[in-house]
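Colleague: Spelled out, the chains give:
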Amino acid sequence: MKSTCQYLVIGAGAAGSAVAWRLAEKGAEVTVLEQGGWVAPESSPSLTLGWERARHRTHHPNPNIRRNSWDYPIDDSDSDISPMLYNAVGGSTIHWGAHFPRLKPEDFRVKSLDGVGEDWPLSYFDLEPYFEINDQMMGVAGQDGDPAYPPKPHRTMPALPMGAGAEKIAAAYDRLNYHWWPVDAAILTADRGARLACNNCGPCDLGCPRKSRASTDVTYWSDLHSSKIRLITEARVSKINSEPGRVTGVTYIDAQGITHEIAADNVVIAGNGVGTARLLLLSSAEWCPQGLANSSDQVGRNLMFHPTALVTGIFSEAVDGFKGPFACSIYSQEFYKTDPSRGFVRGFQGQTIRSDGPLGSALGTYTSPVKWGSQHHEDFYGQFGHTASITVTSEDLPEAHNRVTLSPTLKDHFGIPAPKITYRVSENSRKILDFGIEINKAVLQEAGATDIRVVDLVTSAGFHLLGTTRMGSDPQTSVVDQFGKAHDCENLFIVDGGVFVTVGALNPTSTIQAIALRAADAMLGAPLLKVAENE
Amino acid sequence: MNNSMLGMPEHLWKSILDTLIPATSNNHEASKIIVIEELVTDMSYISDMKRLKLFFEELPENFSKIDQSAREAILENLGKSSPETLDALINATYAIYYSHPAVLSTISENTGYSTTAPQPNGYVLKPFDERLLKKNKERPAMWRDPG
Ligand SMILES: Cc1cc2nc3c(=O)[nH]c(=O)nc-3n(C[C@H](O)[C@H](O)[C@H](O)COP(=O)(O)OP(=O)(O)OC[C@H]3O[C@@H](n4cnc5c(N)ncnc54)[C@H](O)[C@@H]3O)c2cc1C
Ligand code: SF4
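Chain order of the listed sequences is A and B. Each residue of the first sequence is one higher than the one before, starting from 1 at the first, in the working numbering. Each residue of the second sequence is one higher than the one before, starting from 1 at the first, in the working numbering.
Chain A with its partners taken away, still in its complex shape (with noise of 0.2 Å):
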């Protein structure tokens, strides 16, 4: 027999979580399909000698690689860039960095300013109460006064300890006149309930024992108070069910290969830019046999990565970059506008990059890995422990061929279709790149760095899955409008990072999920926030 609800919630990711939160908060019933697991935060690896082996195999954030019975394989043959994920309660925030940039006003309006891209149906302005909200939930340690931005409300945890080798990159940063600033974190720097200050370990990505990285299992779900919400794990969802114009529902699959159906009101799906629309398009029926919400081609399509540059210092003295969360330090946005005088639209940022332990370092994840014979030793001990990384993260604008498809011949273990991953980095983006590892390498020769390495494209950066599901106000062009809602069925949402319409040079994950919570507003009904509204 089919059970029911109200709205049902596809991922339990940075999403899915926080849509969830505010559906059921509002007293909506709520049911979460999520295919993975819980990962207790204590049995990350970082409490072990083997940490950074598990980093590079079982607990990678490539699927392909670890090859988790919750994953879905992906067939990245065809792409510049691996997508990097991970399916469980708090989805990729289980992996994360957790450096939580905001997009700029600028970066939803890139086709009026640039004349690139397009436009989006909503602004930083309308998000900004959302963001706040979002804030408070997460937890963010941050320094006040960034004069990147618009103001924000105090920051009460302070930013997070800059490291030694971020304080050479900021004095050069200084000397060259450019902007640098303490990155907002969703880390904590003080205790808050059962979530404990960063004690500086290091290796975010492996999970946070402490739980002071914010990952939505800890975050948004132990703050679930509402009897309404019921969060089914291990349930992958193979298709959503539809008739012409509405969705009725979603059949999963248990852990024990078990088929259920299970009716909905409204459908929302938080399956992140490659999940949802491989999804959408496995959901095909007759009257929409391009794919479920597809009836604009869209879906799949402009998918946006960021493609990732990394210019490595080395430093004659000990920087011990492997103290502090990898991935939050200090940032620049100094090169972030249009100059037309540089030969291309946009720009990056530029986020400081701590550093890795002894296998990282001799891997060569942040720069060249070590050379092996004779010199092994001595190249080893000259990097490990001596570098600092400057990422060029550009903007990459939207492309109707960088898409999601379904691969014809990969499938996850249950039979269903893997997604395809069709990517190039395009011209622009390149030239991005070319000129960020340029200031990049000015930066740290100014820092003082004895040696400069350069990895002029981070393949396996495919962090940021985003563009595959865009909004906009037009059917045509688009499938979702500005609060997540498809053009094509009347109770079907999506609130992940496929929403984008384009993506600045910022991590997305601040900005996904203010969407989110404001489509749940939407959702309900609700009067939607306005700044000093908030809750």
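Simulated from the structure, these hints should not be mistaken for lab results. Among the hints, erroneous ones may be present.
[What the hints assert, rightly or not] The calculated label-pair distances, taken between Cβ atoms and stated as ranges, are:
id, chain 1, residue 1, chain 2, residue 2, range
1, B, T24, A, R67, 34 to 44 Å
2, B, D48, A, T259, 27 to 37 Å
3, A, S284, B, T116, 52 to 62 Å
4, A, I258, B, T41, 47 to 57 Å
Backbone N, C-alpha and C define an ideal beta-carbon position, used for all residues, glycine too.
Chain A is already provided as a structure; the job is to place chain B with the ligands on it using the hints.
Modeller: Relative to chain A, chain B with the ligands alone:
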């Protein structure tokens, strides 16, 4: 010889490993640290084992008898025709070597790096010093209000 060693004799494995990471006065050679069966299992995560077998078949019979620089030249040459396989071999060798307590303890002796896991102790860092922002605080707003 056994299957968990991909049919290769142990001495050949050892000389491959020590070519990649030789001993120095205060650093272990790889063959002292790495259990070959573990290496093979680890490589199955990241490499096609059939290709790996083919790679090894290209090694000359006297590989373990020649000197380090000649062995390096052979591996380098093989790596040119099969870069992914050589990368996988290096990756697995480093993965096991640099997670081994004996190696971590040597690194600790050489650098002061802690011999314990990152948690539960973590590390102490100097708190963020707001005074460092003096120059940036004087900057005008850098965001564009698109209206
Ligand atoms: C290593 C790493 C580092 C990162 N660092 C940062 C950072 O510093 N800052 C930042 O902003 N972002 C970072 N990110 C990206 C960030 O994690 C994502 O932007 C964010 O989690 C996306 O949220 P989401 O809800 O769209 O998707 P996810 O968080 O990926 O959640 C999607 C969920 O949906 C589930 N799902 C998918 N399909 C189905 C289905 N068919 N049935 C049931 N469940 C399904 C999945 O199992 C998953 O749990 C990082 C990511 C990684 C992997
Ligand atoms: S560095 Fe801090 S936030 Fe990151 S895992 Fe360690 S304690 Fe947690």
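Colleague: Now, for every hint given, state plainly whether the structure supports it.
Modeller: Each hint, compared with the structure:
Hint check: T24(B) to R67(A), Cβ distance near 37 Å, so the stated range 34 to 44 Å holds. The hinted window of 27 to 37 Å between D48(B) and T259(A) holds, with their beta carbons roughly 34 Å apart. At roughly 53 Å, the beta-carbon separation of S284(A) and T116(B) lies within the given 52 to 62 Å, and the hint holds. Our hint of 47 to 57 Å for I258(A) and T41(B) is violated, since their Cβ atoms are close to 33 Å apart.
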